[in-house]
Amino acid sequence: MIGAYRYNMDTSSKGPKVRWYCTRYAYGLPVFSMTKGGNPVIMIGTYRYNRTNGCNGAKVRWYCNSLHLQPFTEAIFTTTKYGNPVIIFGPYRYNQASAIVSDRSLRPLFSKTKRVPVKWMMKKNRKELAMVNGFTFYCHKNNAKTKIWTCTSGWHCKARLITSSDSDPEKRSVITAKLEHNHPPPTYIITDGFYADIGLPRYFSWCERRKLCPSRLSETIILVKFVKRVNGKEVALVNGYTYYCRKQSLKKSTKIWNCTYGGTCHARMEITNHVKPSRRIVLSAKLEHKHEPSEYCISNGFLLYWVAKDNGKVLAVLNGYTFYLRRFHPVKSTWSCTQAGKCRARLMITSEKNVTDRVVVSARLDHNHTPPSFSISNELNIQWVKKINGKELAIVGGYTFYCHKQNPIKMQFVKKQDGKEIAIFNHYTFYCRQQTLKTASWVCTNSHRCKARIVMTNALEPWSRVMKSAKLHHTHPPPTFVIHDVRWVKKRDGKELVIFNQYTFYSHMKSMTTINWSCTSAGCKSRLITTNEDMPSQLQWIKKPNGKELIIVNQYTFYIQRKCTNTINWGCTYRGCKSRLVTTNEDKPLERQVLSFKETHAHPPPNYAIARGFYVKL
Numbered sequence: 001m002i003g004a005y006r007y008n009m010d011t012s013s014k015g016p017k018v019r020w021y022c023t024r025y026a027y028g029l030p031v032f033s034m035t036k037g038g039n040p041v042i043m044i045g046t047y048r049y050n051r052t053n054g055c056n057g058a059k060v061r062w063y064c065n066s067l068h069l070q071p072f073t074e075a076i077f078t079t080t081k082y083g084n085p086v087i088i089f090g091p092y093r094y095n096q097a098s099a100i101v102s103d104r105s106l107r108p109l110f111s112k113t114k115r116v117p118v119k120w121m122m123k124k125n126r127k128e129l130a131m132v133n134g135f136t137f138y139c140h141k142n143n144a145k146t147k148i149w150t151c152t153s154g155w156h157c158k159a160r161l162i163t164s165s166d167s168d169p170e171k172r173s174v175i176t177a178k179l180e181h182n183h184p185p186p187t188y189i190i191t192d193g194f195y196a197d198i199g200l201p202r203y204f205s206w207c208e209r210r211k212l213c214p215s216r217l218s219e220t221i222i223l224v225k226f227v228k229r230v231n232g233k234e235v236a237l238v239n240g241y242t243y244y245c246r247k248q249s250l251k252k253s254t255k256i257w258n259c260t261y262g263g264t265c266h267a268r269m270e271i272t273n274h275v276k277p278s279r280r281i282v283l284s285a286k287l288e289h290k291h292e293p294s295e296y297c298i299s300n301g302f303l304l305y306w307v308a309k310d311n312g313k314v315l316a317v318l319n320g321y322t323f324y325l326r327r328f329h330p331v332k333s334t335w336s337c338t339q340a341g342k343c344r345a346r347l348m349i350t351s352e353k354n355v356t357d358r359v360v361v362s363a364r365l366d367h368n369h370t371p372p373s374f375s376i377s378n379e380l381n382i383q384w385v386k387k388i389n390g391k392e393l394a395i396v397g398g399y400t401f402y403c404h405k406q407n408p409i410k411m412q413f414v415k416k417q418d419g420k421e422i423a424i425f426n427h428y429t430f431y432c433r434q435q436t437l438k439t440a441s442w443v444c445t446n447s448h449r450c451k452a453r454i455v456m457t458n459a460l461e462p463w464s465r466v467m468k469s470a471k472l473h474h475t476h477p478p479p480t481f482v483i484h485d486v487r488w489v490k491k492r493d494g495k496e497l498v499i500f501n502q503y504t505f506y507s508h509m510k511s512m513t514t515i516n517w518s519c520t521s522a523g524c525k526s527r528l529i530t531t532n533e534d535m536p537s538q539l540q541w542i543k544k545p546n547g548k549e550l551i552i553v554n555q556y557t558f559y560i561q562r563k564c565t566n567t568i569n570w571g572c573t574y575r576g577c578k579s580r581l582v583t584t585n586e587d588k589p590l591e592r593q594v595l596s597f598k599e600t601h602a603h604p605p606p607n608y609a610i611a612r613g614f615y616v617k618l
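For the sequence shown, counting from 1, position 597 maps to 597 in full-length UniProt numbering; every step adds exactly one.
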């Protein structure tokens, strides 16, 4: 004897080794035990039997004191192993009298024993099925008074039902039931009133074609689909929501799956831990969410997310790489990798309006670069106000927030000599490459070999600009630069001075291209070197008869060569002359300031006359 198992020796075994075989299964064997008071009891499965005190002799009668399905004490109607009906009431057993020929004695049996909820349904071949707790039974044997129903899963499941043989399903009653299954309930659908048993892949496609939630089709199953992310971790999908494995129990062989939304959502599931996802069973589930499901689609077992940029354009994110809409077609559109200049990765996706209905038709995912660095966040409507003491508050959804901690890294905006704006972040410089209505893209000044980028809001005041995204992987050391505030003043004697960082410098030496400035304090060796450009003091703004604008400087005329956002480049009207002038880009000519001036004329001034405010060449 080994535990509850008994082994007999095989008589055909010869030699030093002997083969032993089990005589019967351990399931259902009685276990003899004692109560706390010392009374003998027998445990068979979940049933407990006490010994009858009135029994004398070699045989003893035992009766059940706690029923598995009926915790209340009343008569139990069942059959013997030969099919004869009996009644068990407490420790007493009643057999039917053999003299009774009619079935009157069985009518109370069929009318009072409705303890097992049974649903009756019909297959398309007109064969009847019985459903109990999501499991299906077919009629295995039809007797004169009873019907034996067997589980549809096959011979390996021993679940059985014995009901009355009434033709009307509503009048049938369950006589006895054995509802211990060793497999999960089948996947089924009910169409046009008929039962249809389908496999799991066909069930998924059936739900997707009809756009139905699987939990609405059956009250006994929860449809769970398992997919893998880029890092190889599994994600469970139920009704459009995603779950991740938070905890694993080795004792129970189960896993706890929580919603991926975070701590505010308490949706969770307990699923058996099996290697094959198709064999996992949902033991318990709490599917009450406080948020909308995330937008995604499944392609080759991976999640395809849809995100929107600050400018409103939609991007597709697959395996950590981003794709933009390159060519639109009413049926299917082409999405290319955002690094399209050097990457040939493509996606062919259907063009439905709802992004969750789109399907990946074909994919080419041979990227030749690493995934970009980005963050996905929901856009919030933030209102900024100030208190009486000057402290700033943020209002979101009627709630107020104060600044708890401030990032010490700040962005600084300065202007160059030509008037162009430069952003300084982490000692690296960025210039504005592209502007939209809401955002501006700033690129590293060493952009020919550095791909660092910053996207900020497009505000006029630099202090009100907010950083939306940043790619700060530089391939070079930070540049060396100096930020200064220089002012040019004149003394009473007409000599020019330079004020730099509150120190004054005078002109020490001049050359053709530069001017050396020395500190006015005796013995100080501080020096400044500037370009030798004499800024024009008098400018005259006129227009030609065709409406084009000109500048007259020292009797030489300049036309608009290039107009930028902040500056205007002016060139000499004489062909081949290298003289240049740069001014600020203001609407009113009198408000423009000269930023730089290069005068290298090798020709005499032109002959012109000004008539009625217009320039006329003679």
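To be clear, the hints were calculated from the coordinates, so they are not data collected in a lab. As the structure is a prediction and not an experimental result, all values here were calculated from the model. Misleading hints may appear alongside valid ones.
[To be verified] Derived DEER-like restraints, expressed as beta-carbon distance ranges:
{"#": "1", "residue 1": "G57", "residue 2": "R279", "range": "14 to 20 Å"}
{"#": "2", "residue 1": "K471", "residue 2": "N319", "range": "15 to 21 Å"}
{"#": "3", "residue 1": "T475", "residue 2": "E292", "range": "39 to 45 Å"}
{"#": "4", "residue 1": "K438", "residue 2": "E591", "range": "25 to 31 Å"}
{"#": "5", "residue 1": "C157", "residue 2": "S253", "range": "36 to 42 Å"}
[To be verified] Below are the DSBU-like pairs computed for lysine-lysine, each with C-alpha atoms no more than 35 Å apart in a straight line:
{"#": "6", "residue 1": "K342", "residue 2": "K290"}
{"#": "7", "residue 1": "K171", "residue 2": "K119"}
{"#": "8", "residue 1": "K313", "residue 2": "K233"}
{"#": "9", "residue 1": "K309", "residue 2": "K276"}
{"#": "10", "residue 1": "K171", "residue 2": "K309"}
{"#": "11", "residue 1": "K332", "residue 2": "K309"}
{"#": "12", "residue 1": "K123", "residue 2": "K309"}
{"#": "13", "residue 1": "K171", "residue 2": "K145"}
{"#": "14", "residue 1": "K415", "residue 2": "K490"}
{"#": "15", "residue 1": "K353", "residue 2": "K416"}
{"#": "16", "residue 1": "K251", "residue 2": "K309"}
{"#": "17", "residue 1": "K490", "residue 2": "K525"}
{"#": "18", "residue 1": "K420", "residue 2": "K332"}
{"#": "19", "residue 1": "K276", "residue 2": "K290"}
{"#": "20", "residue 1": "K286", "residue 2": "K251"}
{"#": "21", "residue 1": "K510", "residue 2": "K353"}
{"#": "22", "residue 1": "K123", "residue 2": "K147"}
{"#": "23", "residue 1": "K588", "residue 2": "K416"}
{"#": "24", "residue 1": "K255", "residue 2": "K119"}
{"#": "25", "residue 1": "K119", "residue 2": "K233"}
{"#": "26", "residue 1": "K290", "residue 2": "K415"}
{"#": "27", "residue 1": "K225", "residue 2": "K145"}
{"#": "28", "residue 1": "K588", "residue 2": "K548"}
{"#": "29", "residue 1": "K468", "residue 2": "K548"}
{"#": "30", "residue 1": "K178", "residue 2": "K147"}
{"#": "31", "residue 1": "K286", "residue 2": "K228"}
{"#": "32", "residue 1": "K290", "residue 2": "K171"}
{"#": "33", "residue 1": "K438", "residue 2": "K342"}
{"#": "34", "residue 1": "K471", "residue 2": "K309"}
{"#": "35", "residue 1": "K510", "residue 2": "K438"}
{"#": "36", "residue 1": "K416", "residue 2": "K290"}
{"#": "37", "residue 1": "K228", "residue 2": "K145"}
{"#": "38", "residue 1": "K353", "residue 2": "K228"}
{"#": "39", "residue 1": "K415", "residue 2": "K468"}
{"#": "40", "residue 1": "K332", "residue 2": "K225"}
Cβ atoms here follow ideal geometry from the backbone N, Cα and C, with glycine treated the same way.
Of the numbered hints stated earlier in the document, which are not met by this structure? 1, 5, 6, 9, 10, 12, 15, 16, 18, 21, 25, 26, 27, 29, 32, 35, 36, 37
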